Amino acid sequence: MTDTMNRSGRRTLVVGVGNPILSDDGAGIHIARALKDMGLQGVDVEELPASGLELLDMVLDYDRVIIVDAIVTAKGAPGELRVMEEDDFENTVHGASPHGINIATALALGRQLAAERMPSDIRFFAIEAADVVNVSEKLTPAVAAAMPSIIEKILAELQ
Amino acid sequence: MSGPIINDETTKTTEKKITIDPITRLEGHGKIEIFLNEQGNVARAYWQVPELRGFERFCIGRHVQELPVLTNRLCGVCPAAHHIASTKALDAVFDAEPTETAKKLRELFYMGQYTHSHIAHFYALAAPDFVLGPSAPSNKRNVLGVVDAVGVEIGGEVIKHRSYGQKVQEIVGGRATHPCFGLPGGVSKQISEEERAQMEEMAKSCVEFGKFTVKLFHDVVLGNQDYLNLILNQDAYYLETYNMGMVDKDNKSNFYDGDIRVVNQVGEEVAKFKPSEYLDVIAEHVEPWSYMKFPHLKKVGWKGFVTGPSSGIYRVGPLGRINVCEGYTTPLAQAEYEVLAKTVKDLGVTGPVHHTLAFHWARVIELQYATERMLELASDKSITSDDIRGPFKEPTEGVGICEAPRGTLIHHYTSDKDGLCTSINMIVATTNNNAAINASVNQAAQALIKDGQVSQGLLNKVEMAFRCYDPCNSCGTHALNGSPALEITVRRADGSTLKTLRNF
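Respectively, the protein sequence lines represent chains F and W.
So for the first sequence, numbering that gives the first Met the number 0 puts the first residue at 0; every next one is plus one.
So for the second sequence, numbering that gives the first Met the number 0 puts the first residue at 0; every next one is plus one.
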């Protein structure tokens, strides 16, 4: 792996993933923007409007990464938060999504190609989305209402 | 490594409907539905895509200069293509001729996108089928399995050069993923000599990686008779359609600028048009079962999902482009183009290549071209000039077209005198290919599924018929869990669900 993926010297990253104009798909981006506005010390905050390999570029050389993204499950309630780890995605490593590589596959690829540069601690804060098909810059009400408590939980995680 | 697994054991199904949903390794959430007849043969197969609602409404009333950064949000995969088509549409809306420096910077940026995109497709999407085999277990048939097979060193080179493509886009375009440098008549950002030199070094390395990829394609795909047999299987992977793509004044392939050329089934030019004339050439058909429209040649007309000269279906993307052009302006790509031409000629093919899986070879040649063109532009010291913006006039109406990695991409805007968008029409690459993809899926399903005998490997071979188009469905980034890998819904003849099978 190369010099092109080097990031700052800080070791904790929060990355919000999603499309900011696709309703709740942008929940992670909304969180990232709110955290940036707080000016957290010792924590990098990034937005990622793509996923897969771009995420891999971003997380290299950090010790600890929190990935905030939308999720759509069969029974989840909109705004519900799940905290997950890489192992939880074992069944999707070989799966669909952006340009052939989803987030879990990209991280597995990183562990395969550059294990020494991969974060030791990666957690996913997955927010149940209600709408990921209507073009809008706004979150649906239930997801918007859940934002403050999710931000609190991320801040607690960062302590 | 052991050899690729080409075939697997089939089992007989008594069901009438097979759904592959969502399709593996595909951007977006498409699905394939296969309807069987009483004999267990395929009556009809469809490729369906989900709807992304409200983008047009979202854009109307906004300033047209916002559109290059809004339209590129449609897609997490080819935002650069939307940004370029949108910026070119603004050139037309504002009647603004970009400066030479601006044109070079836009094209350099765009070659970075092609390098990144074609590497990702070839190694992450195509290679699992060609390195591990179309019938390899689905939990191995992915990029991780490819790296296991070819080695970590090559895997590292893939990631490195894809990142170089991204880096070039970041330097020129302001951001790697969602660029923001395009303005009517130019670009917003001058580059430094240091940045130019950095891009030149990365481009040199990418040219070498392009050579490596061409050789790998020869060794792994063309050197394997089983794969050649798949590629040449005219029952499953062969469509005699029209072809469409952008060419320069000498009919050489061009991704950034030029006229759009259409050739018929024997390679004769039947249309060559400027962006502003696209509505004279392209019409769109609607089917009740699909949100996505079916563009076709207006003068030939819509005759359903059939091919041949009386059907207006055309193909775009790497295969469409290689069929409409008369070669490349760069030496290595031109040399490989001649190898392809000679190879197919030796096989008795005259005129365009209609073999669907030849998309992959065309894509590899285009990767070589993109890297060479990137090096040409990055080596040009004049690109550091501050002459990056030309004059512009009152906004009216305009069309911008470029070749997205997946095919011809059209943006058409109208503006009021204050620059507010009053209408927007886009025909994206995958939509241009929509009819051909459906015809390909139907053809492959009919050829491969007989007497109700199905297997994961066979279903994957059906998927291969459309995966080579590199289709991009919903132009949006997706929720964290993406989608499960493969779900087959078996339905009774009346359409009700009898059983669902999953491989996860």
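These are calculated hints, taken from the structure and not from any lab test.
Because the structure is a prediction, the values reported are computed rather than measured.
No residue lacks a Cβ here, since even glycine has one placed at the ideal position from N, Cα and C.
Errors might be hidden in some of the hints.
[What the hints assert, rightly or not] Which residues of chain F face chain W? A partial, calculated answer using Cβ under 8 Å: (1) V82; (2) L108; (3) N133.
Each hint, compared with the structure:
{"no.": "1", "hint": "V82", "result": "violated (12 Å)"}
{"no.": "2", "hint": "L108", "result": "holds (6 Å)"}
{"no.": "3", "hint": "N133", "result": "holds (5 Å)"}
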